[in-house]
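Participant: If you want the building blocks of each chain, they are given just below.
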Amino acid sequence: MATQQKILLLDDDQDFLDLYKEMLSQHLSCLPEVRTASSGSRALSLLESEGFTLLIVDLNMPKMDGLQVLSIARRKYPQLKVVVLTGIRDDQFRTRAYAMGVDQYWIKPESDQEMGLFMESIESLLSREAQGGFRGVQSKSLVDIIQLECLSQSSSVLKITNGMVEGKIWIQNGEVIDAEAAGITAEPAFQRILSWKTGSFEIFPADPLRARAIFTSYQGLLLNTAQAIDEAAAVIPGEAGSGEAPVTERLNNQMLLTEVSQMHGVEFLLIMGKDKKAEDYWGLENPKPVAHWVRQTVDSFRELGERLQVGEMQQITGTGPHRKMTLAFSGRSNLCVGFQAAATAEQIRETMRTIITKWAS
Amino acid sequence: MGLLSLFSKPKEAKLMRLPSGSFTMDADGKIMTSTLPQSFPESRMREIGQHVLASFRVARQAQVPLSEVIINYAALKLLARELRGGAIVFIMPQTLNQPGRP
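Note that the protein sequences, when read in sequence, are chains A and B.
The letter at position 289 of the first sequence is residue 289 when you use my numbering, and the numbering goes up by one with no holes.
The letter at position 28 of the second sequence is residue 389 when you use my numbering, and the numbering goes up by one with no holes.
Bound-form chain A, shown alone (with noise of 0.2 Å):
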């Protein structure tokens, strides 16, 4: 049997509560528990003490606003969906609350036909699966996604982000012909897609000129790639959160700075771990202070950002007399390129690009 899904309703007025614990769990079709709470430090104490499913939160109150509560939330409760509910029409605390990862955002309904449209998108929030951490237009995982194309005989090009890398999978009349990542392409750029722990993707339409390079049937695929995964993770005990073992991890990274190394405009690059020391590098002499830099840069700025509540860090760039700087970051490691004084914005940027994706991948 189901678990009851719960709701944490959020906000300062008694009224819209009492309103809104009303509809939500009398006209939802899971008939959830909803519980509110009238300040943000409730709704985190009731957060501590039992499990929800949802959050449902104000912008705008006094004491702890909406987005200190859902700086929290999403850091201590990665798994909560959170939808925003709130008077406020500004699209930059829409951009700030997206970029603090809300799932929805919502301006309180003034009609019966945007009530009942807010309340079909909390039906179909609640009733994605709980599993998967790629969120796309239908909410489901992306094996689910390739299952049901495949299944249905469709034809399709799934665009897939992970981070500041994009891949692609080509669905033609239910059969997957082609992928491509990180500059690679077919079956192991669909090995390397599906193993994308996080990310988001979008269906488009299909492209009847892509050529086939994908002969094994999407079960063999699927099949292929568990195993792949699998074994990736088996490498070293404790290390399968990780996805990939520190040993391979320098191996690519050895990978990476070899192909940086001959890339136009290039001075250095550094890459650093999860421990923040200076782990690979070409082209410094003495890669400490670099490090010092870019360890306190990060650190600093992150802090910044976290206070000001305005989402993820994406992109460091200083500029000197000598040389440009890119910091860029991935959950694991940041990644630090020196350009040479010269380099034009357009040519870091796409440079940058071309890094980035060798790096992610």
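Accuracy of the hints is not assured; some may be wrong.
Unchecked claim - Calculated lysine-lysine pairs in the DSBU-like style (CA-CA distance at most 30 Å, straight line):
id: 1; chain 1: A; residue 1: Lys-63; chain 2: A; residue 2: Lys-76
id: 2; chain 1: A; residue 1: Lys-358; chain 2: A; residue 2: Lys-288
id: 3; chain 1: B; residue 1: Lys-438; chain 2: A; residue 2: Lys-159
id: 4; chain 1: B; residue 1: Lys-391; chain 2: A; residue 2: Lys-358
id: 5; chain 1: A; residue 1: Lys-63; chain 2: A; residue 2: Lys-108
id: 6; chain 1: B; residue 1: Lys-438; chain 2: A; residue 2: Lys-63
id: 7; chain 1: A; residue 1: Lys-358; chain 2: B; residue 2: Lys-438
id: 8; chain 1: B; residue 1: Lys-438; chain 2: A; residue 2: Lys-288
id: 9; chain 1: A; residue 1: Lys-63; chain 2: A; residue 2: Lys-159
What the hints assert, rightly or not - Pair ranges (Cβ atoms, derived):
id: 10; chain 1: A; residue 1: Met-119; chain 2: B; residue 2: Arg-421; range: 49 to 59 Å
id: 11; chain 1: B; residue 1: Phe-451; chain 2: A; residue 2: Gln-113; range: 34 to 44 Å
id: 12; chain 1: B; residue 1: Ser-428; chain 2: A; residue 2: Lys-288; range: 17 to 27 Å
id: 13; chain 1: A; residue 1: Glu-259; chain 2: B; residue 2: Leu-444; range: 32 to 42 Å
id: 14; chain 1: A; residue 1: Leu-209; chain 2: B; residue 2: Gly-390; range: 55 to 65 Å
Keep in mind the hints are simulated off the structure, nothing from the lab.
Note that the Cβ used here is the ideal one computed from N, Cα and C, for glycine as well.
Please arrange chain B on chain A, whose structure you already have, making use of the hints.
Facilitator: The following block gives chain B in isolation, referenced to the frame of chain A:
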């Protein structure tokens, strides 16, 4: 109703919009000029400025002096230029509808 509303406690909302604008800070961390609205607290400006000055300082110590640093967040861009030991900092909130946004 009008009379009652005089006695009702006004809603004290704390949500703060990030403004667009710039400010300058000297080498000691003192705010010199600002084009930001007065509603944006000076303490917040100082906080941003301190992070920027620290980044310039550590870069100098690391023998990679910088004259400009740009920090891109999902919903904000900060651009800071070194200014005789201090800095000028531009605050540029980013929105989803912004043209050219990736």
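Participant: Give a verdict on every hint.
Facilitator: Outcome of the hint check:
1. Lys-63(A) with Lys-76(A): holds, 20 Å
2. Lys-358(A) with Lys-288(A): Distance ~24 Å between Lys-358(A) and Lys-288(A) Cα, so the pair holds.
3. Lys-438(B) with Lys-159(A): Cα-Cα ~27 Å, so holds.
4. Lys-391(B) with Lys-358(A): Not satisfied, since the Cα-Cα distance of roughly 43 Å exceeds 30 Å.
5. Lys-63(A) with Lys-108(A): holds, 21 Å
6. Lys-438(B) with Lys-63(A): holds, 27 Å
7. Lys-358(A) with Lys-438(B): holds, 26 Å
8. Lys-438(B) with Lys-288(A): holds, 28 Å
9. Lys-63(A) with Lys-159(A): violated, 42 Å
10. Met-119(A) with Arg-421(B): 49 to 59 Å: holds, 57 Å
11. Phe-451(B) with Gln-113(A): 34 to 44 Å: holds, 42 Å
12. Ser-428(B) with Lys-288(A): 17 to 27 Å: holds, 23 Å
13. Glu-259(A) with Leu-444(B): 32 to 42 Å: holds, 38 Å
14. Leu-209(A) with Gly-390(B): 55 to 65 Å: holds, 60 Å
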